[in-house]
Amino acid sequence: MANLIEIKNLHARIGEKEILKGINLTVNEGEVHAIMGPNGSGKSTLSAVLVGNSAYEVTEGTVTFMGKDLLKLLPEERSWLGLFLSFQYPIEIPGVTNVNFMKAAVNEHRKYKNLPPLSAAEYLKLMRAKMGIVEMDPSFSSRGVNVGFSGGEKKRNEIFQMAMIEPKLSILDETDSGLDVDALRIVANGVNKLKNSGNGYILITHYERLLDYIVPDFVHVLYNGKIIKTAGKELAVEIESRGYDGFIKESEK
Amino acid sequence: MKDLKYIFKDDGGFRCGVPLMDSRQVVITDGVINRMDATGDYIIKNPDGAFSLSLQDGRRPSGSIQIVKVLDNPGSSAKSDNYITVGKESSSRMLLCYHTMSEAAYSSVEKVHVSIQENASVVLTVMQNQNSRSDCEFGLVADLAQGASLKLNLITLSGGETRNRPSINFTGEHAGCEVNGLYLADGSQKIDTVVNINHMVPYCKSSQLFRGILNGKAVTKFNGVIYVAKDAQKTEAFQANNNLLSSEQARAYTQPHLIIYADDVKCSHGATVGNLNEDELFYLRSRGISLEEARQLQQQAFAYGVLSKIDNVELRRELEIMTAKRLRGELTGCMACVKG
Ligand SMILES: Nc1ncnc2c1ncn2[C@@H]1O[C@H](COP(=O)(O)OP(=O)(O)O)[C@@H](O)[C@H]1O
Ligand SMILES: [Mg+2]
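Residue numbers (my numbering), protein chains in the order written: chain B, 1 to 253; chain Y, 1001 to 1340.
Simulated from the structure, these hints should not be mistaken for lab results. A hint or two may mislead.
Lysine-lysine pairs mimicking DSSO-like chemistry, simulated, CA-CA at most 27 Å apart [to be verified]:
#1 1309(Y) <-> 103(B)
#2 113(B) <-> 1325(Y)
#3 1325(Y) <-> 111(B)
#4 8(B) <-> 233(B)
#5 103(B) <-> 1325(Y)
#6 1045(Y) <-> 1079(Y)
Quick caveat, the model's predicted, so the values are computed rather than measured.
Work out the full structure: start from the sequences and follow the hints.
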């Protein structure tokens, strides 16, 4: 199993405030990792730093992704290498249609791989197939990116984009939050269809129920900028019944 | 946007294909009609290097009429007073295109007097696509009689120094106008727009949306004057001007003037000058869209806010493509003209 990402002693801050205080995490091909933890622990910050949001400053540590020094790369270069984030709060982009957005994205990925751009017909076929995976109506393609989408539709759109781009490592930041049971099943089934022995997932979640659909190989608890506990799927069950307090107290001893 | 060397391409007996398969076309080069389709209900004359276009009462020709004005002879300067008269109860779609034929410096002062009579309706799209050494003053004065309606789309794709002066006068009650403007400027281009909307009588409605996208060291000015006379009660008048600066050296100036003497009116205005949206750029880049491409998409989206108001799908698509090409610095002529 080849290594996808190796995060070592990662520290990051925003302004004067240190948020990540030494993260260590390795994900290999074929693995699903869940990251749980109370609000404000730094889960979204970790995702933002990995995809290259320049609001955050890395002060210490290294990240190797697909054998490259990830932290040196532009956000688009990280995407071309195979990194994807399903945002916790996907933004709306009025005036840019979903179809133009994804066509541009897919074709830039193809350019990176020295492939010719897709023809309109090829694109349409691919898009239809991938929309099917998240049961998204094709009419969404002509609408502005996320404009007027419900919370659940935005999350489905994130997974649709993931399906189009076929990343090596996907981070899903609370993609399950705010979804009703049906939407959760659709999103989870989508991920399961895309999961294979060559890619990896980091699922950031508060709820064990997502992990009933997508079974993780590892569950980590992130608290106050550090991973304080790592175990198997059973850890999520334990957190669901006991909360985080016990683990936090244990780690502070 | 790269610096543009726009040339209207003459491939021998050219035909401007913008917009429409169903358009009747009249090409006027250096003031002289050199090509004309059968114009049907439209009556076209060519006095003094100008055009006069009229439609009699009650005529509603299908398809649109297109007048293409081309400056060819280098160093030529053109000054003309043109007339459009649309008779009572008539309806018409018109496209007016301005081109330069070479990279030479041209100068033109173009005035178009539009008279829209009782209950007539007009959709007039003006497309300016001139090289960056050209100097152009374009004045449009439209008088709207009772119940008349005008939709004016003023699209400035390129020009060296452009002064646009559209004025709309409401002379009869229950008339309405919608003005949609888009101006693109780069290099050292200057675009100066002064809009005058004169509400002289009650019960008329006007709305304006002007957007500008500036690159390089471009400078644009927008002055929007809405005048509401004392008797023009129940007037509704809206105006918006939004500018997107895609470079640090570009400058957009915007100034609304509302001069209102009536007391029972609804009027509003809004003006903005902004930069590209960083959050949107980041989202696009996180999907593998390069920074340059993300900037393009955002500018196109901004332009779309205006272009989406153009009802004719074929024309809108063509203008979208031309706008996108223009923003990339690739536009060297009307697409269809080049294709043709
Ligand atoms: N832009 C920001 N400015 C200031 N503080 C921030 C910013 N973004 C996040 N934080 C702070 O960083 C901490 C971690 O936030 P976040 O990574 O969103 O946590 P989580 O996703 O685990 O809920 C919180 O205390 C939050 O208030
Ligand atoms: Mg979060």
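Status of the hints after comparison with the structure:
1. Pair hint residue 1309(Y) plus residue 103(B) holds up; C-alpha atoms about 24 Å apart against a cutoff of 27 Å.
2. A C-alpha spacing of about 25 Å is found between residue 113(B) and residue 1325(Y), which places the hinted pair at or below 27 Å, so the restraint holds.
3. At most 27 Å may separate the alpha-carbon atoms for a hinted pair to count; residue 1325(Y) and residue 111(B) meet this at roughly 20 Å.
4. At most 27 Å may separate the alpha-carbon atoms for a hinted pair to count; residue 8(B) and residue 233(B) meet this at roughly 23 Å.
5. Only pairs whose Cα atoms come within 27 Å are accepted, and residue 103(B) paired with residue 1325(Y) is accepted, the gap being roughly 17 Å.
6. In summary, the hint linking residue 1045(Y) to residue 1079(Y) is supported, as the alpha carbons are separated by about 17 Å, within the 27 Å threshold.
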